[in-house]
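Q: Chain residues, written in single-letter form:
There are 2 protein chains.
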Amino acid sequence: MRTGIATVCLAGTLREKMQACAIAGFDGIEIFEQDLVTSSLSPEQIRSMAADLGLTLDLYQPFRDFDSVPEELLAANLRRAEAKFRLMSRLGMDTILVCSNVATASIDDDGLRAAQLSRLAELAGEHGVRIAYEALAWGKYVNDYEHAHRLVELVDHPYLGTCLDSFHILSRDWDTAPIERFNPEKIFFVQVADAPKLSMDVLSWSRHHRVFPGEGQFKLAKFMGHVVRAGYTGPVSLEVFNDVFRQSDVERTAVDAMRSLIWLEEQSARWLEANPSPAEAAAGAGRRRHPMELATLPRVAEPAGFNFAEVRAADTAALETLLGQLGFGFNGRHRTKNVQLWTMGHARVIINEEAPAAAETAIAAVGFDVDSPVIAAARAQQLKAPAVPRKSQADEEVFQGFAAPDSTEIFLCQGSPDGAPAWVSEFGPAGAETGPAAAPQAVIDHVNLAQPWQHFDEAVLFYTSALALEPQPYAEVASPSGLVRSQVMTTRDGGVRLVLNLAPLLQQEGGPEQAGTAPAGTPRRTYQEHIAFAVDDLVATARAARGRGLEFLQIPANYYEDLDARFDLDPAFLATLRELNLLYDRDADGEFLHFYTATVGSVFFEMVERRGSYDGYGAPNAPVRHAVQYDHLHQLKLTA
Amino acid sequence: MRTGIATVCLAGTLREKMQACAIAGFDGIEIFEQDLVTSSLSPEQIRSMAADLGLTLDLYQPFRDFDSVPEELLAANLRRAEAKFRLMSRLGMDTILVCSNVATASIDDDGLRAAQLSRLAELAGEHGVRIAYEALAWGKYVNDYEHAHRLVELVDHPYLGTCLDSFHILSRDWDTAPIERFNPEKIFFVQVADAPKLSMDVLSWSRHHRVFPGEGQFKLAKFMGHVVRAGYTGPVSLEVFNDVFRQSDVERTAVDAMRSLIWLEEQSARWLEANPSPAEAAAGAGRRRHPMELATLPRVAEPAGFNFAEVRAADTAALETLLGQLGFGFNGRHRTKNVQLWTMGHARVIINEEAPAAAETAIAAVGFDVDSPVIAAARAQQLKAPAVPRKSQADEEVFQGFAAPDSTEIFLCQGSPDGAPAWVSEFGPAGAETGPAAAPQAVIDHVNLAQPWQHFDEAVLFYTSALALEPQPYAEVASPSGLVRSQVMTTRDGGVRLVLNLAPLLQQEGGPEQAGTAPAGTPRRTYQEHIAFAVDDLVATARAARGRGLEFLQIPANYYEDLDARFDLDPAFLATLRELNLLYDRDADGEFLHFYTATVGSVFFEMVERRGSYDGYGAPNAPVRHAVQYDHLHQLKLTA
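Chains as they are written, first to last, in our numbering: chain Z, 144 to 783; chain C, 144 to 783.
Since the list can't tell identical chains apart, any single copy or any two copies may satisfy a pair.
Restricting the straight-line Cα-Cα distance to at most 25 angstroms, the calculated cross-link-like pairs of lysine to any residue (SDA-like) are:
| no. | residue 1 | residue 2 |
| --- | --- | --- |
| 1 | Lys362 | Ala438 |
| 2 | Lys283 | Ala731 |
| 3 | Lys227 | Ala246 |
| 4 | Lys362 | Ser347 |
Hint data in this document are derived by calculation from the structure and do not stem from the laboratory.
Extracted from the complex, chain Z is given alone in its bound form:
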């Protein structure tokens, strides 16, 4: 698949954008007119720079408001177009995007439109330029891709074809199956963009909220499957207007973009395989391949569970105390590294002592159980996940690790559902010698990671493509410092649950006092992350932890009154919840009990019990947790 990207997707100048596209490995680019108009590079310099960078210049765009106008305006439009054709020949470009008219269309007549497009194609042909005509979703008369295609067929000119843009098609919920019947010679260009499903006017949606494939909710693999089956072999090019991408680091965004196309290519191949046409189904294994060959990736199953979580700290004493009080046993130190292993059943926490002195205690890494770490790592690598080296001795297990967009290290480990992973033997002396006598079974239920706002969409694609997690509908949770957007990513069986939290902006910047407006003494609000462990009997676990002196997050009395008003709980049960600072939720699927520890650095722990088929995270209780943590932090800072 030939990959492309429109320069409008990226931040920076045209020169910076082109360099970033080349580094990310794109085959070609679309030149967004404004990027050229504002550039100090001449058309000839751009042409030669693209050649040096190994980038083809695939599409000049956009040319607006051409068709469906009175003759006088048409003459001006043709004049305007010819200036662009001349410019394109200096750039060495042969295809221009012409969008259906929005602003100046005044005559709704397909015959007239066809005649006007024919004149444009004729003029373009004289300059060796091909017109890729696209129906904008908000075009005044032409806003349906089949309508645009009918016009192209009607004109039947070698220099007129259509451009298919997934956003303009899928935002309107048009059926994409008819694409298969298009003449591939008449599809001049294909643009892809994903988007979250939003109920807003389509122009604002398009101009601000597009995302790269895999970061939204459009059925892009199906769209691409139809395009491939039609016989299209040209570039598949990203055209993503996104307020965040336009201000983010250009090289990083370009890599994110490239990852989305690599992933889309694989998903499209899978869709074609799973949805054969009747002819393909009849031909069976011997069916003909599509002219556009789709590259595949190493195929991996979704991870079976968490292998471990790692917390890094300069001073580990508080962490050790907390884990011991929760019921974790100390399994010894690694024989060559400065790390400790703590376990409670299948829940394994590594304390990494190699943090710089000033570093705050933080979640540093998460390990996932996969069938084959080597194959999973090869897949991640092909998806341009940045590898992280981890030193190991000759006889130690080698971890395949990658940096997630929030810089947490992600390790792909050999799964060992029925026992301890091999690497545990590198810690010694083995056994929970210092742990409680009868530690309950436990597993890591979920890990909650704070995401920088610039990398939230990138993180969703990263975990979707490299780890085969699926984004669930997101939630918004109120906190005293603003709304927190919470995006759960899971495997289908819930064996892995990762929660990506997008903290309020001001909190990410370090609190309002940085803006120079807050009164003195306002605390710097850092954002907290956590690891949650699931046990079978939360009440017993909580009692035991209390016996060991655990400091629970103190839940306000008002919460229990509201709980009672909402759920009409058995008084003894409510008294137990209140006594142990447990939180409670219930839905049609089951019940959820949980509690939180105090925070160490930016890390705290949660213990949960899932009853029945409860599949949530106690979202109604999250505001309570946020408020109490905020209060606690505030008091800490005021007394500091």
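Given chain Z, put chain C in place with the hints provided.
A: Leaving out everything else, chain C in the frame of chain Z:
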């Protein structure tokens, strides 16, 4: 007018919110249930704290999903309600907001609904609680305020009334005139919120994008006029869900909120005056006053023009050179302060030398011509604009100054349309001795100020209420560092044009390298502001400036080719534009020529010529300006 605000409008804990509301001067508050549930304060503590702070607890909210349900669910809902009534008696509160059912309504029958509301009112009455029933804009069966009111009339129970929320009414475009015919005894509560007109689903619009009155586009003065004429005398309370306010400094947001109610009160009084009912019109001057007396503010005319602009710099040499090259004359130094005066016709620029050594050159203050500085200052003061002291000697003009939300100082000066203001004589020796012999007439055309993202809405209200400027439809401009939102505020005759620019977030934070992801060498991107001067003959002004060695912002050749393609310009004129680095725009009203200087610190200057009735700012050229400035800054930093 009794002022109120819902705690959900603000950031922080309940304690912090209540303190901020008291400081800002609110009469009362609405307690948002989640703020109470997550609070460590007991209901009795909240009650006593409110009493200490002088705040009444006006409304407990919200109680959701009560009506239109089967009997079994109704019983559970009544039980749930009674728990809240008991809680309210501990809080000493007597009014609760009940919203029309969204989630569990299953029976659409007004008779049944009335019977259910009647039972609720009966139960509430036993606890001394009044039910304020509100139609949510997205209520399943009840989503029209007149429908809610009909139900209240039908039930006719002393403990059941309606709550009017401007958002739920105006977001649906319901006519507000029928409010006048409501029985005021049945209006238990009035909530006000403004909002920008957005085409999106009303729930998302409501939950994220409400703003304080004067910061959006709703006709709130008319809404309030009808409410007042109905005879309502209860609290007028803000209920504004806004993602930014929820994370901003709580005391500052509370002041912004209070300012919006003070302004709304005045606007409502003016609306009533301008729109008398037939009976009021017939009664003439002797007409009866409304039971809710609306306070008025000192009334001022809109400012007539700019009096001066002030730039502060540690090293003023570059500024002096730039102004001299533009054609400004040096009018001397102030006799007691370290400031210089530079003039060109009526355009006056003060260079303030009192910047700290490390401070970047920046726009520090803007002076406006008003009829009466004392009255205008009194108005600003009543609108809680923070006054800024400016030292002056006994015989010098005293400036009335206030800090705008972006901390620019705003001065209210005696207008002097036909001559120099009196304060000019404090500079000496007078006369443009060092300026060019025949300086053209000039005025300050517009001033462009960068706004921090947290204070953008606040700034719109500040300039609307304190300076009587009117917000125009906003524009979005592409720059290499992201989209810039540009909000023009003007007087009706265009005598004052202020442009508030909301820079991309990452730029406000100091560029992507601060996120730790950008390659070394990436420049820190600071945001630039500017002052634009209008002259009669821009070409002559530019030639003269070039003769004096002015460094123009260099416009790329590609721009002129595009200009020619768009406008089909006379070749000689195009050559002049190109030769002098002038930018050009044209619309149905006229033409616009302009050029920019290089940047000093964070300040640059623009010279413009308006031809015909052109009323814009050359928006199509703004991306060119941003790109060239970005390039220039980038090269500067790379070679530094």
